[in-house]
Amino acid sequence: MTAPLKSGAATGPRTGGPWRRRVRSRTRLRGGAPLPLLVPALIGLVFLVLPLLALLVRAPWSSMPELLTSDEVWQALRLSLICATAATAVSMVIGVPLAWLLARVEFPGRGLVRALVTLPLVLPPVVGGVALLMALGRNGVVGQWLDSWFGITLPFTTTGVILAEAFVAMPFLVISVEGTLRAADPRYEEAATTLGASRFTAFRRVTLPLIAPGIAAGAVLAWARALGEFGATITFAGNFPGRTQTMPLAVYLALQSDPQAAVALSLVLLAVSIAVLAGLRDRWMTTS
Amino acid sequence: MTRCARWTGRTRRMLRLTGAGAAALLALSACSSSDGDSGGGSGASSAGGPDKPSGTVNVFAAASLTESFTKLGKDFEERHPGTEVVFNFGGSDSLAAGITSGAPADVFASASPRTMKVVTDADAAAGTPATFVRNRLEIATPPGNPDKIASLKDLTGDDLKVVLCDRTVPCGAAAQKALTAADLKLTPVSYEEDVKSALNKVVLKEADAAVVYRTDVQAAGDKVEGVEFPESADAVNDYPITLLKDAPNADAGRAFIELVRSAEGRQVLTEAGFTAP
Numbered sequence: 001m002t003a004p005l006k007s008g009a010a011t012g013p014r015t016g017g018p019w020r021r022r023v024r025s026r027t028r029l030r031g032g033a034p035l036p037l038l039v040p041a042l043i044g045l046v047f048l049v050l051p052l053l054a055l056l057v058r059a060p061w062s063s064m065p066e067l068l069t070s071d072e073v074w075q076a077l078r079l080s081l082i083c084a085t086a087a088t089a090v091s092m093v094i095g096v097p098l099a100w101l102l103a104r105v106e107f108p109g110r111g112l113v114r115a116l117v118t119l120p121l122v123l124p125p126v127v128g129g130v131a132l133l134m135a136l137g138r139n140g141v142v143g144q145w146l147d148s149w150f151g152i153t154l155p156f157t158t159t160g161v162i163l164a165e166a167f168v169a170m171p172f173l174v175i176s177v178e179g180t181l182r183a184a185d186p187r188y189e190e191a192a193t194t195l196g197a198s199r200f201t202a203f204r205r206v207t208l209p210l211i212a213p214g215i216a217a218g219a220v221l222a223w224a225r226a227l228g229e230f231g232a233t234i235t236f237a238g239n240f241p242g243r244t245q246t247m248p249l250a251v252y253l254a255l256q257s258d259p260q261a262a263v264a265l266s267l268v269l270l271a272v273s274i275a276v277l278a279g280l281r282d283r284w285m286t287t288s
Numbered sequence: 001m002t003r004c005a006r007w008t009g010r011t012r013r014m015l016r017l018t019g020a021g022a023a024a025l026l027a028l029s030a031c032s033s034s035d036g037d038s039g040g041g042s043g044a045s046s047a048g049g050p051d052k053p054s055g056t057v058n059v060f061a062a063a064s065l066t067e068s069f070t071k072l073g074k075d076f077e078e079r080h081p082g083t084e085v086v087f088n089f090g091g092s093d094s095l096a097a098g099i100t101s102g103a104p105a106d107v108f109a110s111a112s113p114r115t116m117k118v119v120t121d122a123d124a125a126a127g128t129p130a131t132f133v134r135n136r137l138e139i140a141t142p143p144g145n146p147d148k149i150a151s152l153k154d155l156t157g158d159d160l161k162v163v164l165c166d167r168t169v170p171c172g173a174a175a176q177k178a179l180t181a182a183d184l185k186l187t188p189v190s191y192e193e194d195v196k197s198a199l200n201k202v203v204l205k206e207a208d209a210a211v212v213y214r215t216d217v218q219a220a221g222d223k224v225e226g227v228e229f230p231e232s233a234d235a236v237n238d239y240p241i242t243l244l245k246d247a248p249n250a251d252a253g254r255a256f257i258e259l260v261r262s263a264e265g266r267q268v269l270t271e272a273g274f275t276a277p
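For the protein sequence lines, the chains are A and B, in the order given. The working numbering numbers the first residue of the first sequence as 1 and each following residue consecutively. The working numbering numbers the first residue of the second sequence as 1 and each following residue consecutively.
Because the hints were derived from the structure by calculation, they are not lab data. For clarity, every value in this text was computed on a predicted model and none was experimentally measured. Heads up, a few of these hints could be off.
So the derived label-pair ranges between C-beta atoms look like this [said to hold, decoys possible]:
(1) A/Thr-201 with B/Thr-156: 55 to 63 Å
(2) B/Asp-246 with A/Ser-148: 40 to 48 Å
(3) A/Pro-124 with B/Gly-221: 43 to 51 Å
(4) A/Ser-63 with B/Ala-130: 35 to 43 Å
(5) B/Arg-114 with A/Leu-45: 52 to 60 Å
(6) A/Phe-47 with B/Gly-157: 48 to 56 Å
(7) A/Val-113 with B/Ala-150: 35 to 43 Å
(8) B/Asp-246 with A/Met-64: 33 to 41 Å
(9) A/Arg-78 with B/Lys-117: 56 to 64 Å
(10) B/Ala-263 with A/Leu-146: 49 to 57 Å
For every residue, glycine included, the Cβ atom is placed at its ideal position computed from N, Cα and C.
Using the sequences plus the hints, can you model the full thing?
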């Protein structure tokens with residue numbers, strides 16, 4: 001673990017060296033944290049963790065085994081994991097180039113485009129779902145052509161779930177990657193192009209390795225957001241067990257009839273996401 | 001409004017960062033949410049004699065009562081000057097949960113006896129709830145009924161996209177009851193979370209049909225067309241109404257219930273598509 005880090009200063013950007021060196025050279029704070037920072041920090045931590053602890057305290061532990069062995073829960077959980085992962089993949093394929101465009105290419109109206117990209121963050125997800133219906137629904141602006149030309153209808157399908165989640169989650173990835181790109185030194189890319197690499201080769205061989213931690217962080221954020229997505233999903237894709245009923249939808253509907261079951265289901269979702277995120281952090285993100 | 005001004009001031013810095021569009025939206029949403037908060041917390045004053053209702057009446061009512069109760073609320077305020085009827089429309093389940101956890105309400109009108117039972121079980125109702133209207137199911141289709149749906153059985157066709165309410169909400173439970181009574185097996189494309197979103201799928205033409213309440217079809221006007229079906233008689237939904245025990249303004253609440261159950265109230269409710277109990 002430490003050996004490649006030490007040689008980081010000597011290796012070029014191809015192996016992803018410079019950012020590692022920068023992280024390493026950060027000086028550690030000496031002494032304790034000052035009170036004006038420590039107190040709000042602890043309040044912040046308690047504020048975030050307390051509701052989760054309350055869930056744990058009030059969880060119906062006795063009926064947990066029964067819930068965990070029910071097919072519907074597994075079905076919803078599996079669908080959630082598949083859809084969130086697919087939505088993250090979609091976001092990476094189209095979101096990373098978008099972030100690159102925003103960070104590296106000067107064009108008129110860039111500020112406006114950047115604001116538009118972040119719109120799904122402020123849009124209530126249910127409205128996002130209605131907007132998706134109006135765009136890609138069977139009767140939507142684009143959707144009616146998809147239907148009449150290719151026979152493709154997206155609402156009420158698993159693909160619809162993935163699209164709804166990607167719509168809501170992609171801005172997280174774009175913002176994160178764009179930030180990393182802006183912080184990354186463009187001179188490495190310039191050097192690569194000076195040495196004869198095309199701009200795409202420079203992106204692929206220099207920029208991508210350089211911003212890998214940012215992409216990873218953004219992907220994790222997007223994945224987590226997609227996993228918990230509710231409003232856009234239920235509006236655009238509906239709710240059908242095994243096809244479009246993800247865990248958050250199952251939790252919401254359980255809440256109507258059996259709040260205890262809803263708490264238990266939420267805990268399952270929480271446990272799985274913590275396991276995945278913690279696992280990923282160890283593997284990819286220790287240096288970011 | 002002062003809160004709004006403060007918010008926009010704070011977001012001005014963000015304006016430069018994220019661009020005008022996003023920041024304007026942020027400010028807008030901040031405004032509307034804080035306005036919503038201040039609306040709910042107005043306390044009811046219960047001054048005045050027992051025979052003359054005055055002050056604010058807080059009515060918690062099922063979402064399907066929105067149109068008719070809003071009209072009755074206006075009538076009530078005209079008839080009793082000095083009163084104000086404040087409605088909280090929502091899913092009966094969440095309203096019941098609000099009441100049992102101490103929300104300041106005078107009257108609760110629910111869309112199902114089951115949700116009313118949550119309130120009576122918690123000993124939060126004053127007296128026994130009375131059924132004031134009934135609601136029947138109907139099939140909602142896009143205008144002109146393009147798929148020529150004439151019965152519940154027609155919905156079981158393979159190439160039709162039908163949406164139902166989820167079994168956990170009253171309209172879904174009722175639809176299931178009607179289907180069982182008719183001995184039909186129907187696989188919808190989606191079990192929607194409430195009746196309005198089931199209806200909206202038809203309004204947006206994403207679904208070919210939905211099983212919803214007659215009142216919802218009526219309220220949607222010419223955006224959907226209703227098809228009655230005889231099996232709906234097996235799944236009639238009773239709407240109970242009651243005064244609440246901890247009502248801050250019991251006199252006015254009682255007067256409002258009287259209006260709802262009067263001939264005039266009945267007329268408004270039948271016009272909206274409800275049937276008399």
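Hint-by-hint comparison with the structure:
1. Distance hint check: the CB atoms of A/Thr-201 and B/Thr-156 are about 58 Å apart, consistent with the given range 55 to 63 Å.
2. Remark: the range hint 40 to 48 Å for B/Asp-246 to A/Ser-148 is contradicted by a beta-carbon distance near 58 Å.
3. At about 25 Å, the CB distance of A/Pro-124 to B/Gly-221 disagrees with the hint of 43 to 51 Å.
4. Range check, A/Ser-63 to B/Ala-130: Cβ separation about 36 Å, and the 35 to 43 Å hint holds.
5. Distance hint check: the CB atoms of B/Arg-114 and A/Leu-45 are about 41 Å apart, inconsistent with the given range 52 to 60 Å.
6. A hinted range of 48 to 56 Å holds for the C-beta pair A/Phe-47 and B/Gly-157, which are about 53 Å apart.
7. For the pair A/Val-113 and B/Ala-150, the beta carbons lie near 51 Å from each other, so the given range of 35 to 43 Å is not met.
8. Remark: the range hint 33 to 41 Å for B/Asp-246 to A/Met-64 is upheld by a beta-carbon distance near 35 Å.
9. One distance hint, 56 to 64 Å for the beta-carbon pair A/Arg-78 and B/Lys-117, is violated here, with the actual separation near 36 Å.
10. Hint check: B/Ala-263 to A/Leu-146, Cβ distance near 53 Å, so the stated range 49 to 57 Å holds.
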